[in-house]
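Asks: All chains should be modelled from the sequences, with the hints used to inform the complete structure.
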Amino acid sequence: MNQAQPSTNTIDQTILTDIPEMGFDQAELNAILSELGDQCTPPPKLYRIGEVIQYSGFSRQTVHNYTAMGLIQESRWTQTGHRLYDAEVFRRLALIKRLKSRYSLAKIKMFLDRAGF
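Residue numbering for the sequence shown follows the numbering used here, beginning at 194 and increasing consecutively.
Any given hint could be a false lead.
In silico lysine-lysine, DSS-like type, Cα no more than 30 Å apart, as pairs [stated by the list, open to error]:
| hint | residue 1 | residue 2 |
| --- | --- | --- |
| 1 | K290 | K302 |
| 2 | K300 | K290 |
| 3 | K238 | K290 |
| 4 | K238 | K302 |
| 5 | K238 | K293 |
Derived from the structure by calculation, the hints contain no laboratory data.
Replies: If you want it as structure tokens, here you go:
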């Protein structure tokens, strides 16, 4: 019979009850865990162009063109010269896709620049 595994994000309650016996100060540990908060959050995911085209449905050439035009921006480059995009690229691409049927790419870029989007 499968038992549910404890979440790795919480401390097992049996450990908490054994803390004083282990020589730890429970209040101190709670304060430390509280201070850690967001420090334990992993860094944001960066996407290679292959992932961007896979998840967005845009072609590689379109992503390159939009990057060159300034419609989207890479967040970083790898040491080997690969572009890396953050999750915001998917929101921008979705917006561009919706606007493209009625507006030129130049107008869309102007809007994105002025809106600080």
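Asks: If a hint holds in the structure, say so; if it does not, say that too.
Replies: So, going through the hints one by one against the coordinates:
1. Using a Cα cut-off of 30 Å, the hinted pair K290 and K302 holds, with the two alpha carbons roughly 12 Å apart.
2. For the proposed pair K300 and K290, the alpha carbon gap of about 13 Å is at most 30 Å, so the pair holds.
3. For the hint linking K238 to K290, the alpha-carbon distance of about 23 Å falls within 30 Å, and the restraint holds.
4. A C-alpha spacing of about 25 Å is found between K238 and K302, which places the hinted pair at or below 30 Å, so the restraint holds.
5. Distance check on the hinted pair: K238 and K293 sit about 27 Å apart at the alpha-carbon level, within 30 Å; holds.
Going through the hint list in order, the structure satisfies each hint without exception.
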